[in-house]
Structures are given as C-alpha cells and as structure tokens.
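J.: So the chains spell out like this:
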Amino acid sequence: MNRKRRNSVLLHVCAIIVAIVILLPFAWMVEASFAPQRDLVGRPMRWIPSHIDFSRYGEIFNGSEGSVGSTFRAAMVNSTVVAVAVVLIAMVVGILGAYAFARLRFPFRKVTLMIFLSTYMLPQIALLIPLYFIVNSLGLLDTTLGLILVDSSLVIPFTLWILSNYFVTIPDELEEAARIDGTSRIGALFRIILPSAKPGIFAAMMFSFLLAWDEFMYALIFTSSDAAKTLPVAISEFAGRYTTDFGLVAAGGILAALPPIVIAIAFQRYVVSGMGVGSVKG
Amino acid sequence: MTRISTVAAPRRRAGKESQRRLAFWLLLPAAIAVFGVIVYPIIRTLIISFFEVNSALAVETPFIGIDNYLQALSSSGFWAAIGRTLYFTVVSTAIELTLGMMLALLLNARLRMRWLFRAIVVLPWAVPTIVNAAMWKGIFNAQYGSLNAALTGLGITDEYIAWLGHPFLALNMVIVADAWKTTPLVAFFLLAGLTVISPELYESAKLDRASWPRIFRSITLPMLLPSISIVLVLRTVEAFKAFDIIYAMTRGGPADGTQTIAYYTYVRAFSDQNFGMGSALSYIIVIVILILTAIYLKMLRQAETSLV
Numbered sequence: 000m001n002r003k004r005r006n007s008v009l010l011h012v013c014a015i016i017v018a019i020v021i022l023l024p025f026a027w028m029v030e031a032s033f034a035p036q037r038d039l040v041g042r043p044m045r046w047i048p049s050h051i052d053f054s055r056y057g058e059i060f061n062g063s064e065g066s067v068g069s070t071f072r073a074a075m076v077n078s079t080v081v082a083v084a085v086v087l088i089a090m091v092v093g094i095l096g097a098y099a100f101a102r103l104r105f106p107f108r109k110v111t112l113m114i115f116l117s118t119y120m121l122p123q124i125a126l127l128i129p130l131y132f133i134v135n136s137l138g139l140l141d142t143t144l145g146l147i148l149v150d151s152s153l154v155i156p157f158t159l160w161i162l163s164n165y166f167v168t169i170p171d172e173l174e175e176a177a178r179i180d181g182t183s184r185i186g187a188l189f190r191i192i193l194p195s196a197k198p199g200i201f202a203a204m205m206f207s208f209l210l211a212w213d214e215f216m217y218a219l220i221f222t223s224s225d226a227a228k229t230l231p232v233a234i235s236e237f238a239g240r241y242t243t244d245f246g247l248v249a250a251g252g253i254l255a256a257l258p259p260i261v262i263a264i265a266f267q268r269y270v271v272s273g274m275g276v277g278s279v280k281g
Numbered sequence: 000m001t002r003i004s005t006v007a008a009p010r011r012r013a014g015k016e017s018q019r020r021l022a023f024w025l026l027l028p029a030a031i032a033v034f035g036v037i038v039y040p041i042i043r044t045l046i047i048s049f050f051e052v053n054s055a056l057a058v059e060t061p062f063i064g065i066d067n068y069l070q071a072l073s074s075s076g077f078w079a080a081i082g083r084t085l086y087f088t089v090v091s092t093a094i095e096l097t098l099g100m101m102l103a104l105l106l107n108a109r110l111r112m113r114w115l116f117r118a119i120v121v122l123p124w125a126v127p128t129i130v131n132a133a134m135w136k137g138i139f140n141a142q143y144g145s146l147n148a149a150l151t152g153l154g155i156t157d158e159y160i161a162w163l164g165h166p167f168l169a170l171n172m173v174i175v176a177d178a179w180k181t182t183p184l185v186a187f188f189l190l191a192g193l194t195v196i197s198p199e200l201y202e203s204a205k206l207d208r209a210s211w212p213r214i215f216r217s218i219t220l221p222m223l224l225p226s227i228s229i230v231l232v233l234r235t236v237e238a239f240k241a242f243d244i245i246y247a248m249t250r251g252g253p254a255d256g257t258q259t260i261a262y263y264t265y266v267r268a269f270s271d272q273n274f275g276m277g278s279a280l281s282y283i284i285v286i287v288i289l290i291l292t293a294i295y296l297k298m299l300r301q302a303e304t305s306l307v
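Sequence order for the protein chains is A and B. Counting in numbering that gives the first Met the number 0, the first sequence runs from 0 upward without gaps. Counting in numbering that gives the first Met the number 0, the second sequence runs from 0 upward without gaps.
Keep in mind that the hints were calculated from the coordinates and are not lab data. For clarity, every value in this text was computed on a predicted model and none was experimentally measured. One should not assume that every hint holds.
Covered stretches of chain B, as calculated for chain A (at least 3 residues, CB under 8 Å) [unchecked claim]:
| id | region |
| --- | --- |
| 1 | 42-51 |
| 2 | 61-69 |
| 3 | 84-92 |
| 4 | 262-273 |
These stretches of chain A come out as covered by chain B in the derived footprint (C-beta under 8 Å, 3 or more residues) [as the list claims (entries may be wrong)]:
| id | region |
| --- | --- |
| 5 | 50-56 |
| 6 | 163-175 |
| 7 | 212-225 |
List time: in silico BS3-like cross-link candidates among lysine-lysine, alpha-carbon distance up to 25 Å [as the list claims (entries may be wrong)]:
| id | chain 1 | residue 1 | chain 2 | residue 2 |
| --- | --- | --- | --- | --- |
| 8 | B | 205 | A | 109 |
| 9 | B | 205 | A | 3 |
| 10 | B | 205 | A | 197 |
Idealized CB from N, CA, C, for every residue including glycine.
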C-alpha cells in the first residue's frame, strides 16, 4: 500500500514537471504579447511586466489600411475561408470514398487505398513545381480558391484513412437491417453509418482543420498579397520584419494559435480515437 | 434448395456489378482531387527533372537526361544538406520517440485531473508550426530571448549566447523546437496503442510478481510495436520533409547550418529559379523516403516474426 502511494506521488510530480515544460514557452509568449517593450528587452529581463500593455492587440485589430494589422486581419479571414472550405470538401469527398473502401467490394480496392495513403509520404516540395505551373495557368495564383484546391487534396487522403477505418468498425448488421427495410446504400450511409461514426467524423474534421490551418508551403509559393495570404505566411513575414518587437509577433502568433487550440482541446478525446483506429489497423 | 440458389446467384452477381459501379462513383471525387494535385504533378516533376528548366515558363527547355541528377549528386552542398537532414531526422525522431513513450505512459496512468493534463499536452500539437517556430525564435534570441534571461538569471551562464548564431548549435535548437511541438503527437499515437492492450495481460503479470521494467519489456513494448513502427515511419518522413520550421526559424542559416534537404531543394528551385534541378532534388528525396520506408517495414516484419 505504501509503495503504491509513493508511486502515485511520483507520477503526479512527473506530470506537473511535464505540464510546466509544456506551458512555460507558451506562457512566455503570452506574457511577451502583453508586456511593455521596455520590460522585454531590458537586462535583466523583467519576468513580471510592470503593467499590461494591450497596444499590440490594438495595432492588430485597429491598424489602418496597409499596416501590419490590416495584413493580419486579411490573413485571418483568408485562413478561415480556406480551412472551412477544405474541411467541408475533404469531409464530403472523404465520407463518400471511405464508405466505398469500408463497405464495397471492387477490384483493386487494396491497391487504390494504398495509392491514396502513400501520397502522404510524398514531400510537398516534389509537387510544388508542376503545381505552380498548373495553378498559374488556371489563373488561380494568389487566390484562396487555388489554395483550397491544393490543400483539399493534401487533406483528403487523411480523411479517407481515418473514416474508412472507422466505418469498418460499425457492425454490418445495422446497415443490413436498414437495407432490408428498403433503404438504398446511400440512404443507409447517411442514416446509419454517419450517426454511428460520430467520433471518427469529429476526429477527421479536427485533423482536416488543423492541417489546413497549418499548411505553409503552398500558401508561401501560391500567394503574394493580402488577397489570399494565410496566417502562417503573415506570421513568418512578421517574424522576419519585426525582429526587434517580439511582442507584436507574439500577439499575432497567439491569435493565430487560438482557433486550433480551442478546437484541439474541445475535441481532445477524439485525438486518441482518431489515431487509435489508424494505428490498430495499420 | 436448388431453386433458391439459382435465383440467388444472378442476384448476387448483379449486386457485385452495382457495388463496383457505386464504388466508382463514390471514389471519383477523391480520385480526381488526388490525381490532379498529387499523381499528375509527381509525374510532371519526374519529366521536368530531365530538362533544363530555368525561370520563366516560355524559355526553351533542352532535354538533358540525368544531368540534373549527376550535378546534384556531385555537389558538396547537396551532401552537406543530406548530412544535416540525417542528423536532424535521427536526433529528432529519437528524442520524440523516447519522450513520447514516457509521456504516453504518463497520460495512461491514474492521475488526478487527468483531463486537465491531457488538455495541456494537446496544446503544443495544436499550435501552428509557424507560430511554434516564431515562438522559439524569440526564446532563443541572442539579445532579448527568455532562454538567455533565464540562464543568466539562474546564474548558469554569465553571458548571452547566440543560440541561432552558430551553424551546428542552431540545428540543435531547431530540433528542440520541433520536439516541443511533436512529442505530444507521438505520445498520443502511442497512447492509442496502449489503450488497446488488454488489462488481463497486466493482471497476470502482476500475479507473477513481475517487476515494472520487466512488464514494460515483455508486454508493453511488444504490444506497442505496430504503433512504434508507424510513428517511426511517419516521423522519419516528416523530418525528411522539414521545411516550415526551418523557414520560419533560421531560413537555412547561419552559414547554411540548418539547410536540410527539403530547404536546400526549395532554394535551388525557387530562389535560383532552377526548376529542373529542383525537380531532380525532389525526386532524390522521394527515393530516399521510399527506401527508408521499405527498410522500416522490413524491420517491422522481422520483429513481428521473431516475437511469435
């Protein structure tokens, strides 16, 4: 009993240390976004700011046309548009395809699935040059539509993978019962499979959103102005240009990190289940 | 009996037909997306790699065969980038797998407020790569970075260190930033594997009074092998492709010290506007990734048979 208690205390101490290591860098970034510049650059640095300074957030939210703030706000809108559109496209396309892989028997099923999955292994850079030519010839350079198209394809293999593994775990009998009652396959997909696959669907949506929100290389090459530039590109430009004002970079970074953090924490339990089906099934 | 089977057989065949047709239509959208933006470009890249393609699209592009590849393989910059990539890949994967395993066990343990702990661990994974890179760039900053402030404050060092100012040091600092973000992801992956190990295995081991390290070695580790191997493949591939974090933290510098192969390829293709060379380099990355994946899969198969 005593040993058990000691182990438990030890585990909790480890957990607290890990939590601190994880939170410390992020906490410092939050602090830097609020601390007066003077406190940050002084030596020794003031760990506890002399007062709270909202000016960077003000600059980001109210900055006039052509300022850092307006670029950031445009990027926020572009990122949201791209991520939401990518999630919608990838979910619709992914659900249809995943149903085919999980429930239907057709020739070259395994090979087709492998081709879809192996596209993940390809480095984005190996697709970048022809894609640049294609996007350019379609007149979609520097448009959110262009980004939505290329990002969706990046995300679709993931949704196919997560969803088809999930659909397989739903008992056949449920669907068969509905089909005997006269429901078509597509009807059964929407009425039986989708409601029972909720965890898989949430996991797939979350992964798609994070992937699209995080995507950098395509956005860097295919966008150049506020019309389509996404947050990662805007932040990397901030970080390059305002090297002396880390507070501004920090404020932008926190705003850019908030949506994915909120989503990841809200859907936290699906992180494990989303990966679980994948790793168990291989 | 016979009557039923003769009736059922054609219907089953018709069912197969309709399944095929339905599968075709259901997969068509995914196939178009993946073919148009992945399969077709990867073939185009192969073709471009055999031409001398410079800058503008209109320029005449003579076919030069494998010259781009030969030129790449004979340049010292390429081999230096490969060396840095291998270092980055091996060190970051080793760190992330080791820490990730420990973290997974901790996440799986009986903890008070486990939900809070899990929510904290999810955080770095959710932070966008570029934000993570910008954050660590700030922490490592030579003048106002918090790492220098903390180290001098604690009396560990006397002077401020330019963490990203020395080529080899900078590479290691990029690894630290990468590990902070990625270890939680690895941990959740392994946790998913841990949760499917049946508790009976542990209970019978406890009845045998097996020690903790022994339980880990003979139950946890072998049962996690499939998850570990998948993580190993995914992390190696990811590390080999590392671009965002390097772009945002160091842009390949100082003195090319953090120029890994993906970044090197990006510079050759887009800064030098040498698309032929960029394509050849891309293909070299693809080939290396394929070889590594094949080796891992073979190792996994051997490990599995040796367990049986």
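J.: Okay, which hints does this one fail, numbers in order?
T.: 2, 3, 5, 6, 8 and 10
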